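Enquirer: Build out the structure end to end from the sequences listed, making use of the hints.
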Amino acid sequence: MSEALPPIERLTPGALTLFRLEGLIRAGLYGLPVAGLALAMLVAEHLLWALLALCLAVVLALLLCLWYPSRAWRSWGYAVREHDLLITGGVLIHQVVSIPAGRIQHVDIQQGPIERALGLARVRVYTASGGGADGVIPGLALETADALRERLVRREAEDVV
Amino acid sequence: MSSEATPPSSDTPRPSAPTEFPWQRLHPASALANLLPVTLRLLRGMAVPLVTLALVSRKDGELARLLVPASVFFILSLAFTVLHALSTRYRLAGGRLEIVSGFVFRRTRTIDVTHVQNTEVVQPFTHRLLGLVQVKIETASGLKSEGELSALSPEKAQELISALQTARGAAAPTAEAAPVTEELIVQNSPRDLVRYGATATGLGVGAVLVGLALDEVEASRVVFRVLERRWEAWAGSGVLWVGVVVGVLVALTLLLVGNGVVAAVRYHGFRLAKAGERFQASFGLLTRRQVGLNLHRIQLVTVDEPLPRRWLRFGSVEVETAGLRTGEANVEQAEVVVPVVAAERMSTVVRELVPELPGELSELTLNPPHPRALWRARVRAVVSGSLVALLLTGLLWPWGALAWGLLPLELWRAWLDHRHQGWLLTEHLVIVRTGFWRRRTSVLRRGRIQSVSAVQGPLERRHGLGHAQVAVAGANVSLPSVAWEEALRLLDVLSPRRPRPSTPPVPVAPSDDVPQTTL
Chain A
1 MSEALPPIER LTPGALTLFR LEGLIRAGLY GLPVAGLALA MLVAEHLLWA
51 LLALCLAVVL ALLLCLWYPS RAWRSWGYAV REHDLLITGG VLIHQVVSIP
101 AGRIQHVDIQ QGPIERALGL ARVRVYTASG GGADGVIPGL ALETADALRE
151 RLVRREAEDV V
Chain B
1 MSSEATPPSS DTPRPSAPTE FPWQRLHPAS ALANLLPVTL RLLRGMAVPL
51 VTLALVSRKD GELARLLVPA SVFFILSLAF TVLHALSTRY RLAGGRLEIV
101 SGFVFRRTRT IDVTHVQNTE VVQPFTHRLL GLVQVKIETA SGLKSEGELS
151 ALSPEKAQEL ISALQTARGA AAPTAEAAPV TEELIVQNSP RDLVRYGATA
201 TGLGVGAVLV GLALDEVEAS RVVFRVLERR WEAWAGSGVL WVGVVVGVLV
251 ALTLLLVGNG VVAAVRYHGF RLAKAGERFQ ASFGLLTRRQ VGLNLHRIQL
301 VTVDEPLPRR WLRFGSVEVE TAGLRTGEAN VEQAEVVVPV VAAERMSTVV
351 RELVPELPGE LSELTLNPPH PRALWRARVR AVVSGSLVAL LLTGLLWPWG
401 ALAWGLLPLE LWRAWLDHRH QGWLLTEHLV IVRTGFWRRR TSVLRRGRIQ
451 SVSAVQGPLE RRHGLGHAQV AVAGANVSLP SVAWEEALRL LDVLSPRRPR
501 PSTPPVPVAP SDDVPQTTL
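First to last, the protein sequences are chains A and B. For the first sequence, UniProt numbering puts the final residue at 161, and the numbers step up evenly by one. For the second sequence, UniProt numbering puts the final residue at 519, and the numbers step up evenly by one.
Any given hint could be a false lead.
[As the list claims (entries may be wrong)] Which residues of chain B face chain A? A few of them, derived with a C-beta cut under 10 Å, are:
# : residue
1 : Ala79
2 : Phe105
3 : Val455
4 : Ala487
[Said to hold, decoys possible] With a straight-line Cα cutoff of 20 Å, these simulated SDA-like cross-link-like pairs (lysine to any residue) come out:
#  : chain 1 : residue 1 : chain 2 : residue 2
5  : B       : Lys136    : B       : Leu76
6  : B       : Lys136    : A       : Gly132
7  : B       : Lys136    : B       : Glu98
8  : B       : Lys136    : B       : Glu148
9  : B       : Lys156    : B       : Arg89
10 : B       : Lys136    : A       : Asp108
Because the hints were derived from the structure by calculation, they are not lab data. What you are looking at is a predicted structure, and each value in this text was computed from that prediction instead of being measured. Even for Gly, the Cβ is constructed at its ideal location relative to N, Cα and C.
Expert: Written out as structure tokens, the structure is:
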């Protein structure tokens with residue numbers, strides 16, 4: 001991998017839907033106060049400020065629902081190599097993580113309500129580093145997540161010292 | 001870890017324990033066993049706000065209205081506890097323990113039995129009333145237990161533990177070690193410790209504290225209100241400014257002396273000794289502590305040498321291990337600090353802790369960061385310096401505007417830091433040096449690396465740079481910025497590769513880089 005990354009498994013299109021729905025929820029959480037501010041300005045007859053706040057809310061919503069999810073979807077990926085699991089991800093801060101097979105302590109599969117409705121799951125890979133999951137792969141099809149977990153746990157069991 | 005344990009005989013495995021069993025649920029009374037502790041915890045958390053509300057509410061209905069959301073939160077928390085207990089199930093199959101829990105957010109946790117470090121049977125008060133126990137299963141992934149089953153009957157708990165032990169084929173503890181002679185590595189006098197404490201807080205932090213204190217005084221106008229009548233005369237004669245300067249100097253002196261005293265009390269009588277492959281540190285005036293370290297458990301050694309310590313010809317050494325363990329006689333903690341090591345003995349002491357160190361620390365030829373990384377450092381310096389200057393300008397106008405004049409100094413600091421960074425890979429070690437004002441040299445064993453990341457922030461991406469980040473148990477070390485291709489190459493080089501054994505490994509041998517506790 002000195003020259004470039006190996007072939008990376010990308011996420012399914014369903015993951016993009018998941019990221020957009022999550023973005024929509026975030027936009028609601030962050031955008032509502034801004035929209036409230038716009039309304040307050042409108043009531044107080046500060047039309048210019050109301051318009052600015054409204055524009056801010058729209059830009060925020062567009063960023064969180066359209067720009068960020070598609071960038072995140074393109075950046076996430078993983079590759080199971082002979083000696084390690086490679087995970088790429090991140091929009092603003094791009095990160096490539098290598099988790100050696102023999103270091104994996106355990107693997108979690110998580111499904112929130114949206115993920116379950118879409119048939120998706122999130123894989124979390126833990127080592128002994130102690131700072132939470134060392135690697136997270138969101139938006140995998142449940143079967144893929146199960147298969148990946150089986151593969152990682154089996155490799156780990158084979159490789160364990 | 002809970003100390004109220006009256007565990008059933010978990011240390012002795014049953015010879016006929018099964019290595020697998022199908023899905024099992026918690027004890028039917030588990031929800032009840034967990035309800036009381038959760039209720040007490042919630043009430044304890046809500047007591048202060050509720051009492052405050054009761055005291056400040058002026059109308060009868062006011063408190064009642066505020067109690068509604070608190071009650072909803074209370075009921076939801078209790079319902080969550082019950083649902084969690086009802087939904088949790090576990091099984092042991094294929095050499096793995098699987099724990100499934102949650103109705104809305106379902107979590108499936110899979111733990112390979114070969115990675116189980118410790119199991120603990122705990123019996124809190126409510127569990128004891130109901131004749132139940134908690135089982136905690138720990139791997140080396142963190143400080144919390146990775147699997148917690150609350151509550152099971154003692155028989156079921158014993159069955160699970162025995163099955164885990166049988167599946168793991170746990171070996172008996174090793175025989176008693178032969179007696180070895182103790183060798184003193186470092187001993188610190190009270191004078192050393194005062195020097196350590198006085199240099200522990202940088203001048204920058206001190207200045208910030210003094211600034212905050214002065215700002216507080218100015219804001220409350222306590223001093224100025226008293227001096228108001230004489231303000232004109234004093235300001236004119238310059239007495240006020242002399243007072244401010246003296247005040248700052250006194251505050252700094254108090255800060256240094258205070259740090260020195262705290263360090264002298266905390267590390268009183270510090271000594272680090274070595275017996276075979278085990279280190280023993282003992283220190284403390286009020287609370288005496290003994291910390292035991294095994295040479296093979298040491299993950300990371302960091303030499304901390306800020307400029308004042310370099311002037312005084314010493315540095316301190318921080319030692320990180322993987323875990324936290326308590327025993328009857330002593331405590332093993334994740335980190336030991338050796339407060340004072342003379343500069344000329346630094347490499348010798350570090351080599352005791354990391355025998356693979358190739359040469360004198362100060363004479364190692366380190367790889368420099370990428371030249372373009374200096375731009376990143378400059379941008380960061382300008383941004384952080386501008387924010388501070390902006391804040392000071394707003395708060396202390398017009399004198400606060402002078403802070404903008406410090407921006408060139410900040411750029412100079414960034415250049416010095418950049419110039420003194422470096423990294424080196426040897427066959428066994430990763431050595432990273434950062435900073436000029438606060439120089440820190442990290443030495444970590446490549447064999448202890450848990451994961452490696454190549455990270456690229458927005459500023460680095462602009463210049464085609466990135467940096468490698470190495471995680472060992474309990475700590476992360478970032479290497480200086482290099483070209484992105486180099487960061488990706490480091491990802492491959494640093495990620496430990498294990499030669500596949502020709503014969504199947506016995507699933508017993510625990511890895512020696514994480515704390516081991518037999519079941």
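Enquirer: Compare the structure with each hint and give your call.
Expert: To see whether the hints hold, each was checked on the structure:
no.: 1; hint: Ala79; in the structure: violated, 17 Å
no.: 2; hint: Phe105; in the structure: holds, 6 Å
no.: 3; hint: Val455; in the structure: holds, 5 Å
no.: 4; hint: Ala487; in the structure: holds, 8 Å
no.: 5; hint: Lys136/B to Leu76/B; in the structure: violated, 25 Å
no.: 6; hint: Lys136/B to Gly132/A; in the structure: holds, 18 Å
no.: 7; hint: Lys136/B to Glu98/B; in the structure: holds, 14 Å
no.: 8; hint: Lys136/B to Glu148/B; in the structure: holds, 5 Å
no.: 9; hint: Lys156/B to Arg89/B; in the structure: holds, 13 Å
no.: 10; hint: Lys136/B to Asp108/A; in the structure: holds, 17 Å
Hint check: violations occur at hints 1 and 5; the rest are consistent with the structure.
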